[in-house]
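Protein chains: 2
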Amino acid sequence: MALSTMIYNHLPTTSQPIMNKLSKIHGLAHQQVVLDRPQTKTSNRVSSLTESLSHLLHLHLETPPRTNIHQINWNLYGEEKLSTPTTSPKEVIAQNWQDMHASSNWESLLDPLHPWLRREIIKYGEFAQATYDAFDFDSHSEYCGSCRYNRHKLFETLGLSGNGYKVSKYIYAMSHVNMPQWLERSKLAETWSKDSNWMGYVAVSDDEETRRIGRRDIVVAWRGTVAPTEWYEDLQRKLEPIGHGDAKAEHGFLSLYTSKKDSTRYNKSSASEQVMKEVTRLVELYREKGEEVSLTITGHSLGGALALLNAYEAASTIPNLPVSVISFGAPRVGNIAFRDELHQLGVKTLRVVIKQDVVPWMPGLVFNESLQKLEITGTLGWVYTHVGTELKLDVRSSPYLKRGLNWPGFHSLETYLHLVDGFVSTSSTFREEARRDVALVNKACDMLVDELRIPHCWYQLPNKGLVCNAHGRWVKPKRDPEDIPSPHMQENINVHALEAGMQTQDVLETLLSV
Amino acid sequence: MALSTMIYNHLPTTSQPIMNKLSKIHGLAHQQVVLDRPQTKTSNRVSSLTESLSHLLHLHLETPPRTNIHQINWNLYGEEKLSTPTTSPKEVIAQNWQDMHASSNWESLLDPLHPWLRREIIKYGEFAQATYDAFDFDSHSEYCGSCRYNRHKLFETLGLSGNGYKVSKYIYAMSHVNMPQWLERSKLAETWSKDSNWMGYVAVSDDEETRRIGRRDIVVAWRGTVAPTEWYEDLQRKLEPIGHGDAKAEHGFLSLYTSKKDSTRYNKSSASEQVMKEVTRLVELYREKGEEVSLTITGHSLGGALALLNAYEAASTIPNLPVSVISFGAPRVGNIAFRDELHQLGVKTLRVVIKQDVVPWMPGLVFNESLQKLEITGTLGWVYTHVGTELKLDVRSSPYLKRGLNWPGFHSLETYLHLVDGFVSTSSTFREEARRDVALVNKACDMLVDELRIPHCWYQLPNKGLVCNAHGRWVKPKRDPEDIPSPHMQENINVHALEAGMQTQDVLETLLSV
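Taken in order, these protein sequences are the chains called A and B.
Reminder that position 406 of the first sequence reads as 406 in UniProt numbering, one-by-one numbering, no gaps.
Reminder that position 41 of the second sequence reads as 41 in UniProt numbering, one-by-one numbering, no gaps.
Looking at chain A on its own, in the form it has when it is part of the complex (with noise of 0.2 Å):
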């Protein structure tokens, strides 16, 4: 794998003492690289270099130790654990959900981590865990890159039906912009789709949950990529302005929320234009029924970089909504009149960040596959910077987590899902009540300790679903008519919508039910 060349930044403040270290790390490298070793090899040289950056930027990349756990036996963890609910009651949040949504930047909310607000970061994490969960990798199926599953069925499917939200749109983006290693595409000629990948969804309150809640909550869910080497290489150096203004963002990201084409099925319109035209619809049909409404934007990974640009997007098109976003493992997006204008439009950024995650470092690091390490990526050009609040969590606070690097497993959704359902507060161990099911950390990773008997990426189908048909023959099933994506159906759904003021879900039911 040839190594990138994308550039380095590291601008997590603006203060002076950040910027007086960064420099010092940019000094030690010109050092280390131009003048201590100038006959070694390339990689060499990036090694030794990323190796005092790790420890300058407190990446603790080094294999951590087991510190200040609390002593678990496992004989009675399988007996008990396994026999215990695994979520906790749902309080109601109603009077205090400004709060949760931010009003105040989450201040005295994240350390410790309040408990109300470490139930709604799960609730919207697994919001982002849907868009894997539910998404067909297969590349030999004709339905590669779409969602498995019809919007209906979708979290009733994933076990998900508790969290008290209804799906009311899916949003397509082109597979082939500038990135081909981004989206999944099928090995065959005929396909559901050649042009477009399931890029998330809308999803809006319930009655109940909007009672609990305190508004009605409209939530736009981004899916990423699963595995960081997939797209870091790609991630180009080249900013792009956004809006107006002096704000930009990086070109890869842009890219991939913006493109259409008149020639495809599903992207006739963008995957920006899909998701705006669902929350105006949904506010405006809220609003009108005189209730308060929010946004809340979540994704992980490439997911959270597509939250930023939606929600920048949705705070300057519709006035007076509040905005937040709740990213997870998100890279850095723009620059820093990006960052300052979200600021102003009053968009609320909540980044959990995984310490020993590195895709929070790009643009600006490069993962090299084959060497398994870090390697920084060229000079200083643009200036990539992260926006708003920080929930730092570690992997060495669990007792459940391997010790060991694990570049997968650090920048997995559910071991930060995991990690939040654990964090008390930056100096307190683990939680002993957490009840998030620990299994679930090993769906697509290999992280959990041998004790607890998980196999490692046991996330699959029963045969890769394959099934055995009446003559004995393996087959490939035909996807129920209903799970199979039909744009037509979605566009004169919210044609109907929109002129009859109905919701949108009584409409394709009584389409289905033709």
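What the hints contain is simulated information worked out from the structure, not anything from laboratory work.
Treat the hints loosely; a few may be bogus.
As the list claims (entries may be wrong) - Simulated coverage check for chain A against chain B, where a stretch passes if three residues somewhere in it have a Cβ under 8 Å from a Cβ of chain B:
(1) 336-345
(2) 468-477
As the list claims (entries may be wrong) - Calculated cross-link-like contacts (lysine-lysine; reagent style DSS-like; alpha-carbon spacing at most 27 Å):
(3) A:Lys355 x A:Lys153
(4) A:Lys90 x A:Lys194
(5) A:Lys166 x A:Lys187
(6) B:Lys402 x A:Lys402
(7) A:Lys187 x A:Lys464
(8) A:Lys81 x B:Lys478
(9) A:Lys153 x B:Lys187
(10) A:Lys464 x B:Lys194
(11) A:Lys194 x B:Lys402
Stated by the list, open to error - Here are the simulated distance ranges between beta carbons:
(12) B:Arg287 x A:Gly159: 54 to 62 Å
(13) A:His152 x B:Thr191: 15 to 23 Å
(14) A:Thr426 x B:His471: 29 to 37 Å
(15) A:Leu158 x B:Cys457: 18 to 26 Å
(16) A:Lys238 x B:Thr429: 33 to 41 Å
(17) B:His471 x A:Thr157: 39 to 47 Å
(18) B:Thr87 x A:Lys268: 47 to 55 Å
(19) A:Leu158 x B:Glu190: 53 to 61 Å
(20) A:Pro481 x B:Pro115: 36 to 44 Å
(21) A:Ser427 x B:Cys457: 28 to 36 Å
(22) A:Leu82 x B:Lys392: 37 to 45 Å
(23) A:Lys268 x B:Lys392: 51 to 59 Å
(24) A:Pro481 x B:Thr429: 36 to 44 Å
Being a predicted model, the structure only gives us computed values, none of them experimental.
All residues carry an ideal CB built from backbone N, CA and C; glycine is no exception.
Fit chain B to the supplied structure of chain A, relying on the hints for placement.
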């Protein structure tokens, strides 16, 4: 991965021309290694040596061209072929069973391949395949290394209930003989057995199948290893005496077959003792009833080696018992005297071999996993030789298989069964009426062309066997009590059966009903 230092030798027959060829190979080897390129690295020398060697041996390791195939309309294939039966109606072969069982070494039955014999070869191959399909490979399972189902459910669970046989006994072998990588072991402290692996089973034809095939057929199926790289290296270059004559067999195979230890649960007696006790019991049981009895031993890879040792012992021990071996991709096992004694004992061996599979060249060649190439293994020290009649298959004959090197695919038993099903003669193309389900080939490898849309390595449990319990937690379910191995039950049954002259199954049913 360190290179093995095993010996090389190639003696498919003892005819003079082959001996000359062998000398030439060795001459070439020395020339290249010692004289031509004394300064190059070992891997380079061995590599070029291997190329010449492969060429001389007609190993056909080069990427084979797609030749001589009938064109397939993949769309039609999908529509039509998937609605046809996977087997042909069974013919009554009672009058000809001795021919099928090699009374005349399968002369005139192999090229072209007699359809009745083809069906019998596949039947026995599927017995061997069952030892893989039912094996618990999960190192996080306390039952790792056992069979996942009890013997009464084995064929039914695997969709083989129509094969006309009943399993009468499971065979276990010591898992920590001198070759640590051969067998599977649980990572857990508490397991069903720290010492043993399920290594195969004994089955016997039921009355209906007995009528069809003209005799009561006892089958022994030996489990092998899945990937060739797992055990090449562990083959030791030591021949050990077997029996009272000059016959010698490879130390590792023999050790696996004969090891036992009083402190174990499943190997107080060796695999050899277990299988011989059961076979002897069955032979006596049916001979007392005046029936004609045959023994057919089958196995793939390592299992093929064990089959040969087992055949040697059975033919030496039980007088006048027709014994044949049908092996798939089996390595060489013993010296020339071993082969000659087997011949004198009247053991008939059909070795099914894929031209491109490297395992049948073992011991003698070793597969260097990191370099993905073959290397020869030191100087000639002992002489390993193949036994019996060869049925040679060619991956290039099947239009369903991908071109390109694929070591695991070339060695996979399902690839063997597919090619047997399609084999007509060495001079003709793949059999168009072949009915076996082509999808099976990809169960544990990646050999099928993309047009078939069959995922690779698709044979897998849903969520690796985890299930969601009533509390919403993903757990490893308890194994059905009836599927938990129990040496005592097995011992008791045999004692009872022998004492009371009852059928084993009847006794077990009595015990289970208590």
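How the hints compare with the structure:
1. 336-345: violated (count 0)
2. 468-477: It holds, with 8 qualifying residues against the three required.
3. A:Lys355 x A:Lys153: violated (35 Å)
4. A:Lys90 x A:Lys194: violated (43 Å)
5. A:Lys166 x A:Lys187: Cα-Cα ~33 Å, so violated.
6. B:Lys402 x A:Lys402: With a Cα-Cα distance of about 39 Å, the restraint between B:Lys402 and A:Lys402 is violated, given a limit of 27 Å.
7. A:Lys187 x A:Lys464: With a Cα-Cα distance of about 16 Å, the restraint between A:Lys187 and A:Lys464 holds, given a limit of 27 Å.
8. A:Lys81 x B:Lys478: holds (16 Å)
9. A:Lys153 x B:Lys187: violated (39 Å)
10. A:Lys464 x B:Lys194: Violated, at roughly 32 Å.
11. A:Lys194 x B:Lys402: holds (25 Å)
12. B:Arg287 x A:Gly159: 54 to 62 Å: This hint holds: roughly 59 Å between Cβ atoms.
13. A:His152 x B:Thr191: 15 to 23 Å: Check failed, 45 Å falls outside 15 to 23 Å.
14. A:Thr426 x B:His471: 29 to 37 Å: Since the Cβ atoms of A:Thr426 and B:His471 sit about 31 Å apart, the hinted range of 29 to 37 Å holds.
15. A:Leu158 x B:Cys457: 18 to 26 Å: At roughly 25 Å between Cβ atoms, B:Cys457 and A:Leu158 fall inside 18 to 26 Å, so the hint holds.
16. A:Lys238 x B:Thr429: 33 to 41 Å: At 55 Å between Cβs, range violated.
17. B:His471 x A:Thr157: 39 to 47 Å: violated (19 Å)
18. B:Thr87 x A:Lys268: 47 to 55 Å: Given a distance of about 50 Å, which is inside 47 to 55 Å, the answer is holds.
19. A:Leu158 x B:Glu190: 53 to 61 Å: Since A:Leu158 and B:Glu190 have Cβ atoms about 34 Å apart, the given range 53 to 61 Å is violated.
20. A:Pro481 x B:Pro115: 36 to 44 Å: holds (42 Å)
21. A:Ser427 x B:Cys457: 28 to 36 Å: Once the Cβ atoms are compared, 46 Å apart, the range 28 to 36 Å for B:Cys457 and A:Ser427 is violated.
22. A:Leu82 x B:Lys392: 37 to 45 Å: For B:Lys392 against A:Leu82, whose Cβ atoms are near 54 Å apart, the range 37 to 45 Å is violated.
23. A:Lys268 x B:Lys392: 51 to 59 Å: Roughly 57 Å apart at Cβ, these two residues keep to the hinted range, so it holds.
24. A:Pro481 x B:Thr429: 36 to 44 Å: holds (40 Å)
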